[in-house]
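Student: Could you put together the complete structure from these sequences and hints?
Single-letter residue listing:
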Amino acid sequence: MTKTRKITILAIIISQALVLHYIESFIPVLAPGAKLGLANIMTMVTLVLFGFKEALIVVVIRSVLGPLLGGSVTGILYSLSGGILSGFIMSVLYLKLDIYFSLMGISTAGAVFHNIGQLLTASWIFGTIGILYTYLPVLMLAAVVTGYFNGLVTRYILGYLEKKLEIRN
Amino acid sequence: MKPKIGDIFVYVFILVLIGLSFLGLKTMGSNRNNLLVQIELDGEVIDSVEMWQEEQEGELKEIRVDTGQGRYNIVGISSQGVSVTEANCPDKLCVRSPVIREPGQSIVCIPHKLVVRIIGESQRDNAVDDTAS
Chain A
7 MTKTRKITIL AIIISQALVL HYIESFIPVL APGAKLGLAN IMTMVTLVLF GFKEALIVVV
67 IRSVLGPLLG GSVTGILYSL SGGILSGFIM SVLYLKLDIY FSLMGISTAG AVFHNIGQLL
127 TASWIFGTIG ILYTYLPVLM LAAVVTGYFN GLVTRYILGY LEKKLEIRN
Chain B
104 MKPKIGDIFV YVFILVLIGL SFLGLKTMGS NRNNLLVQIE LDGEVIDSVE MWQEEQEGEL
164 KEIRVDTGQG RYNIVGISSQ GVSVTEANCP DKLCVRSPVI REPGQSIVCI PHKLVVRIIG
224 ESQRDNAVDD TAS
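Residue numbers (the numbering used here), protein chains in the order written: chain A, 7 to 175; chain B, 104 to 236.
Incorrect hints may have been included.
[Stated by the list, open to error] No farther apart than 30 Å at their CA atoms in a straight line, the calculated lysine-lysine pairs in the BS3-like style are these: (1) A:K102 - B:K107; (2) B:K107 - A:K169; (3) A:K102 - A:K170; (4) A:K59 - A:K170; (5) B:K105 - B:K129; (6) B:K129 - B:K107; (7) B:K216 - B:K164; (8) A:K169 - A:K9; (9) A:K102 - B:K105; (10) A:K102 - A:K12; (11) A:K170 - A:K9; (12) A:K59 - B:K107; (13) A:K170 - A:K12; (14) A:K12 - A:K59; (15) B:K195 - B:K164; (16) A:K169 - A:K102; (17) A:K59 - A:K9; (18) A:K169 - B:K105; (19) A:K102 - A:K59; (20) B:K105 - A:K170; (21) B:K107 - A:K170.
Keep in mind the hints are simulated off the structure, nothing from the lab.
Tutor: And the structure:
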């Protein structure tokens with residue numbers, strides 16, 4: 007694959023992640039702080055199609071630009087910490103422990119660590135670990151559902167994309 | 104689509120995390136040493152006492168509050184909670200009020216303009232923020 011082609015595909019993936027991030031803000035959620043995490047689909051697609059470095063690039067750019075779209079600068083810190091932590095975990099699970107984990111499991115683990123990263127940052131900012139304890143149970147239950155869903159979507163997208171883009175060969 | 108062994112590990116991990124956070128909440132809730140009993144007379148804080156130091160377990164600490172003109176309330180603090188044990192106010196509502204032990208609860212004696220309040224750590228922080236800002 008040429009460099010230009012790769013950059014273009016990555017740019018499209020990032021823009022799609024941003025659009026998903028934006029659309030997501032219109033979908034009401036049951037618990038405070040819980041999100042569908044649709045943008046994570048694009049992170050996983052990148053991880054499978056390209057690898058660790060590219061996935062991390064997508065995560066960082068999406069985490070910085072996403073909150074700016076929503077109009078809050080403070081959100082960058084939360085989404086960056088959650089995104090990078092979950093990006094690392096998912097990369098390890100997919101690249102090193104692939105035989106033990108399905109995409110659904112990896113996506114769920116990513117959602118879990120995204121929440122943990124964000125809550126740790128929030129605890130640090132507010133100076134109390136209580137935030138972690140209070141929000142974690144609800145967010146974990148949400149992560150099971152959204153993680154499975156996102157993993158499933160990723161699986162179907164990949165089946166289509168790999169044929170279409172002829173990336174893997 | 105059978106879940107792989109690692110997926111089950113992820114779900115177990117989630118259950119452990121949920122359990123741990125409930126445990127964390129519980130230990131935080133039982134951390135009574137940080138509670139403060141605040142006694143307010145006519146809107147002003149006249150006394151605040153640290154609640155439940157461990158060496159005081161089982162003891163009853165009584166604080167006599169003179170509210171002027173021979174009026175008084177006696178506030179009792181024990182490991183069971185805080186209550187007004189004695190008062191010479193006309194309605195005795197404060198004496199009959201149930202024992203309070205959670206942050207945010209209070210006992211009020213309207214005739215003597217007395218408020219006994221339990222304050223948690225977070226509320227104390229907020230109070231500092233309010234004056235600072």
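Student: For each hint, tell me whether it holds in the structure or not.
Tutor: Hint check:
Taking the CA atoms of A:K102 and B:K107, the gap is about 15 Å. The hint holds against a cut of 30 Å. For the suggested pair B:K107 and A:K169, the alpha carbons sit about 25 Å apart, so the restraint of at most 30 Å is met. Restraint check for A:K102 and A:K170: satisfied, since their Cα atoms lie roughly 26 Å apart, inside the 30 Å limit. A threshold of 30 Å between alpha carbons decides the hint, and for A:K59 with A:K170 the separation of about 23 Å falls inside it, so the pair holds.
Between B:K105 and B:K129 the alpha-carbon distance is near 37 Å, which puts this suggested pair outside the 30 Å criterion. The straight-line distance between the Cα atoms of B:K129 and B:K107 is roughly 34 Å, outside the 30 Å bound, and the hint therefore fails. A distance of roughly 22 Å separates the Cα atoms of B:K216 and B:K164; the hinted pair therefore holds under the 30 Å criterion. Only pairs whose Cα atoms come within 30 Å are accepted, and A:K169 paired with A:K9 is accepted, the gap being roughly 19 Å.
For the hint pairing A:K102 with B:K105, the CA-to-CA distance comes to about 20 Å; that is within 30 Å, so the pair holds. Among the hinted pairs, A:K102 with A:K12 is consistent with the structure: their alpha-carbon atoms are about 23 Å apart, no more than 30 Å. Proposed proximity of A:K170 and A:K9 is supported: the alpha carbons are some 18 Å apart, at most 30 Å. Between A:K59 and B:K107, the direct Cα distance comes to roughly 26 Å. Compliance with the 30 Å bound is thereby established for this hinted pair.
The hinted pair formed by A:K170 and A:K12 meets the criterion: a straight-line CA distance of about 14 Å does not exceed 30 Å. With a C-alpha separation of about 13 Å, the suggested pairing of A:K12 with A:K59 holds against the 30 Å cut-off. Annotation: proposed proximity of B:K195 to B:K164 holds, straight-line Cα distance about 20 Å (limit 30 Å). At most 30 Å may separate the alpha-carbon atoms for a hinted pair to count; A:K169 and A:K102 meet this at roughly 24 Å.
Simply put, A:K59 and A:K9 have alpha-carbon atoms about 15 Å apart, close enough for the 30 Å limit, and the pair holds. In summary, the hint linking A:K169 to B:K105 is supported, as the alpha carbons are separated by about 25 Å, within the 30 Å threshold. Taking the CA atoms of A:K102 and A:K59, the gap is about 14 Å. The hint holds against a cut of 30 Å. For the suggested pair B:K105 and A:K170, the alpha carbons sit about 27 Å apart, so the restraint of at most 30 Å is met.
Under the criterion of a C-alpha separation no larger than 30 Å, the hint pairing B:K107 with A:K170 is consistent with the structure, at around 28 Å.
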